[in-house]
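*Asks:* Can you build the whole structure from these sequences, using the hints too?
If you're matching positions, the sequence shown starts at 1 in the working numbering and goes up one per residue.
Please keep in mind that the hints were generated in silico from the structure rather than gathered at the bench.
Be aware that one or more of the hints could be misleading.
As the list claims (entries may be wrong) - Lysine-lysine pairs mimicking DSS-like chemistry, simulated, CA-CA at most 30 Å apart: (1) 143 to 129; (2) 129 to 83; (3) 129 to 66; (4) 90 to 125; (5) 143 to 66; (6) 83 to 105; (7) 143 to 83; (8) 143 to 114; (9) 90 to 121; (10) 129 to 90; (11) 143 to 105; (12) 45 to 69; (13) 121 to 66; (14) 2 to 45; (15) 2 to 114; (16) 105 to 121; (17) 90 to 143; (18) 125 to 69; (19) 129 to 69; (20) 114 to 129; (21) 125 to 143; (22) 114 to 45; (23) 69 to 105; (24) 90 to 105; (25) 2 to 22; (26) 121 to 69.
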Amino acid sequence: MKLILTADVDNLGAPGDTVEVKDGYGRNYLLPRGLAIVATRGAEKQVEGIRRAQEARAVRGLDHAKELKDAIEGLENVSLSVKTAGDSGKLFGSVTAADVAGAIKAAGGPVVDKRSLELPKAHIKATGKHAIVVNLHPDVVAKFHLNVVGA
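*Replies:* Written out as structure tokens, the structure is:
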């Protein structure tokens, strides 16, 4: 089965790549999750748009990564309001990387990819201050504190 990737897939390719995969893998995994589209003539025209969108979100080098690091570490109050399970500070759900990326943007920071965020223990399940690491470039890592508050 010939597919065009719409997202980065480990051990397969980057967005915009045309790949040949087994029918079951494409039909049961890649297509339902939106990681790929079937390679047709119309879809091949969309490849350029997919690549442009990916490049706009990507960090454009070491200098750009350092600028983003300064912007992220310059944020003073990155907070996220969530529902709590009671007075103990436990959350009903958990705070995910996508929630943290949204909180950075809401605090006036740059748009960061949720896959570049490292949360303590994969998910945050309690209120309070939590250290978050953002891998912007192999040589550039930004660190900040996220304040999770109960609503």
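*Asks:* Now tell me if each hint is right for this structure.
*Replies:* Now the hints, each set against the structure:
1. 143 to 129: 13 Å, holds
2. 129 to 83: Since the Cα atoms of residue 129 and residue 83 sit roughly 16 Å apart, the hinted pair holds (cutoff 30 Å).
3. 129 to 66: Satisfied, since the Cα-Cα distance of roughly 24 Å is no more than 30 Å.
4. 90 to 125: Measuring from Cα to Cα gives roughly 6 Å; hence the hint holds.
5. 143 to 66: The given pair, whose Cα atoms are some 12 Å apart, holds under the 30 Å limit.
6. 83 to 105: 20 Å, holds
7. 143 to 83: 25 Å, holds
8. 143 to 114: 14 Å, holds
9. 90 to 121: 15 Å, holds
10. 129 to 90: Holds. Residue 129 to residue 90 sits at ~13 Å (cutoff 30 Å).
11. 143 to 105: Judged against 30 Å, a Cα distance of about 15 Å means the pair holds.
12. 45 to 69: 35 Å, violated
13. 121 to 66: 26 Å, holds
14. 2 to 45: Measuring from Cα to Cα gives roughly 15 Å; hence the hint holds.
15. 2 to 114: Answer holds: residue 2 to residue 114 is near 28 Å, not above 30 Å.
16. 105 to 121: 22 Å, holds
17. 90 to 143: 24 Å, holds
18. 125 to 69: 26 Å, holds
19. 129 to 69: 20 Å, holds
20. 114 to 129: 19 Å, holds
21. 125 to 143: 20 Å, holds
22. 114 to 45: 28 Å, holds
23. 69 to 105: Within the cut-off at roughly 14 Å; holds.
24. 90 to 105: 25 Å, holds
25. 2 to 22: 9 Å, holds
26. 121 to 69: With a Cα-Cα distance of about 23 Å, the restraint between residue 121 and residue 69 holds, given a limit of 30 Å.
Going down the numbered hints, you'll see the structure goes against just number 12.
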